[in-house]
Amino acid sequence: MVQVVAAIIEREGRILICRRTKEQSHALQWEFPGGKLEPGESPEQALARELEEELGVREAAGAEITRYEYSYPGRNPILLIFFRVTHFVGAPANLIFHEMRWEPPARLLEFDFVEGDLQFIRGLAGYTGSYAPSDPIGRTGAE
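Under this note's numbering, the residue at position 141 of the sequence shown is numbered 141, and the numbers go up by one with no gaps.
You may find that some hints are simply not true.
[Claimed, not checked] Derived CB-CB ranges, DEER-like:
| no. | residue 1 | residue 2 | range |
| --- | --- | --- | --- |
| 1 | 63 | 21 | 26 to 32 Å |
| 2 | 102 | 123 | 18 to 24 Å |
| 3 | 12 | 65 | 18 to 24 Å |
| 4 | 58 | 122 | 14 to 20 Å |
| 5 | 103 | 75 | 26 to 32 Å |
| 6 | 41 | 107 | 28 to 34 Å |
| 7 | 2 | 103 | 25 to 31 Å |
| 8 | 77 | 24 | 17 to 23 Å |
| 9 | 111 | 65 | 31 to 37 Å |
| 10 | 72 | 41 | 29 to 35 Å |
Hint data in this document are derived by calculation from the structure and do not stem from the laboratory. For every residue, glycine included, the Cβ atom is placed at its ideal position computed from N, Cα and C.
Start from the sequences and build out the full structure, keeping to the hints where you can.
Below, the structure written as structure tokens:
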């Protein structure tokens, strides 16, 4: 089964969401940064690699929040693994997406997300506070 990691990165009560390009499948839909595991890769390794490729941050790490299977119509099921990213080096930059935004959890359902992420988003929909107010998110090498 294909495994896909998704990063939940919070800053000041807002979560980073990314819009796919018009050339990608699920064109111009929103998603969380992340992607498919490569052969022999752990979910944690995939998370760090994907965030470096997509956002230019290094040493990304965090705890798994949840995982579930999802099947897009006419396709084999995938395993989605969501991580709360609590550490990375550098500042997130848009390296591959059409657009990136920081949005409060309560507003996420207003965006046209890929179907696989909706179960997770529905769990956050009523949440209005900081995802983890006592934990700093993102660190630079200068700290």
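Going through the hints against the structure:
1. 63 x 21: 26 to 32 Å: holds, 30 Å
2. 102 x 123: 18 to 24 Å: holds, 19 Å
3. 12 x 65: 18 to 24 Å: Since residue 12 and residue 65 have Cβ atoms about 19 Å apart, the given range 18 to 24 Å holds.
4. 58 x 122: 14 to 20 Å: The hint (14 to 20 Å, Cβ to Cβ) is violated, given that residue 58 and residue 122 are roughly 32 Å apart.
5. 103 x 75: 26 to 32 Å: Hint holds: Cβ distance 28 Å, inside 26 to 32 Å.
6. 41 x 107: 28 to 34 Å: holds, 33 Å
7. 2 x 103: 25 to 31 Å: With a Cβ separation near 27 Å, residue 2 and residue 103 satisfy 25 to 31 Å, so the hint holds.
8. 77 x 24: 17 to 23 Å: holds, 20 Å
9. 111 x 65: 31 to 37 Å: Given range 31 to 37 Å: violated, Cβ gap about 19 Å.
10. 72 x 41: 29 to 35 Å: Since the Cβ atoms of residue 72 and residue 41 sit about 22 Å apart, the hinted range of 29 to 35 Å is violated.
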